[in-house]
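Let's have the full structure, built from the sequences with the hints guiding it.
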Amino acid sequence: MFDSLKIFLDRFIKLSEAEYSQLKEKIIIRHFLKKEIMIRAGDTEHYLYFINKGLIRQYFVSGKEELVIDIISEGTITGSVTSFLSGAPSRYFMETMEPTSVFALSKKDLEALYLSDNKWEKFGRILTTHFFLQQEKHILDNIRLPMKERVINFVSENPNLLQRVPQKYLASYLDIKPETFSRMKHLLFNKRITKVQTSK
Amino acid sequence: MAVDKRNINPSHLALAYSYLQRFMPIGAEQLSGLIPYCEFREFRKKEIIVDEGEIDNYLNMVIKGLVRKYIKVKGNDKILQLATEGHVVHSEISFLTRSPSLVILQTLEPTVLVSLSFQKMEEALDKFPHGERLGRLILTNMYIKKDERRYTWMAKSVRERFLDYLTHHPHMLQRIPQKYLASYLNIKPETFSRLKHLSKTKG
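If you read the sequences in order, they're chains P and D. Under our numbering, the first residue of the first sequence is numbered 794, with each subsequent residue one higher. Under our numbering, the first residue of the second sequence is numbered 17, with each subsequent residue one higher.
None of these hints come from the bench; they were simulated from the model.
In silico negatives: residues of chain P with every beta carbon more than 12 Å from chain D:
id, residue
1, 810
2, 822
3, 865
4, 867
5, 953
6, 955
7, 981
With the Cβ distance kept under 8 Å, some of the chain D side facing chain P (calculated, not the full set):
id, residue
8, 89
9, 94
10, 151
11, 152
12, 159
13, 171
The structure presented is a predicted model; accordingly, all values stated were derived computationally and were not measured. By construction, the Cβ of each residue, glycine as well, lies at the ideal position given by its N, Cα and C atoms.
Listed below in structure tokens is the structure:
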């Protein structure tokens, strides 16, 4: 059941069997339908979610526009992290793009773990480092990389998402015009075919 | 308690304690256990602390002075952070993943930093009793601030960015050359001048 979570956590921290059980006790399994709002801007985030299956977009509303800031699929941890950490209202919405099942950990339970043993403090520090590095990478990539490179990187790091995520959301996330994205998508598909052929 | 025999300026030490206490409620007595792991480093104005391509070996907090963190994009400097007293500044990805830095750190004033090397940080995380918690809280604070900045860049108009910044940091206009503030706020220098002029005639 929790194999995917274990695989994810093993990349960062060695937890004993007993520690895994301790963590599992705190986890709530939740299911969301497609296009379900997980959190609205203005609400406070009380959970972190490990995505076992599904697809989520995070966005904020500016005027009439929804600007996508993150696309999250299986195997990663998410949530409206700033709100979770600060306790302030979320600036962002989270909405599923597919039926989604998650392992949720509440802030209350996480803080209880922190107080129970320094090992969990370490866990918290490493988890926060993970969020922190992702955030910084995202900021730097958006500033330094030309649009074309951002698109190519995204597609090569997330090969299955090109089919799964509606184009308008991908375009918004990569901060390019939907028309431009259509053109690029065509190029990318050709590239992928070339890549597969050369790797044989 | 470990006694630190190095010659540390007492006022710098007092500032280090008070800034660290912003992250976590902890007594100076307890914090003194962290000082043996730290270095106090002094820099002249306009000195490069970390250059592009170097591996940043330090996590720094500004005791006195001002540091800009920036990245070169097509020959232009894009300022990502202006760190003043009490702020934490370093090349985060480089430091944490031990990879060449994409960003440059440079002082804009004579600066004193309290710094923890990567190796000393690892030791302190193990041995300093509040290390893990303090580390987490510093990262948390940086994450929240970065999100604030990122949101401001994406969601707020040029005018809002200008007014918000000057409201929250009224003294910075005197401290920092205008071109740096304009770059940090992602506002064209001409526009920045115009907004400054407007705000003066109004105020």
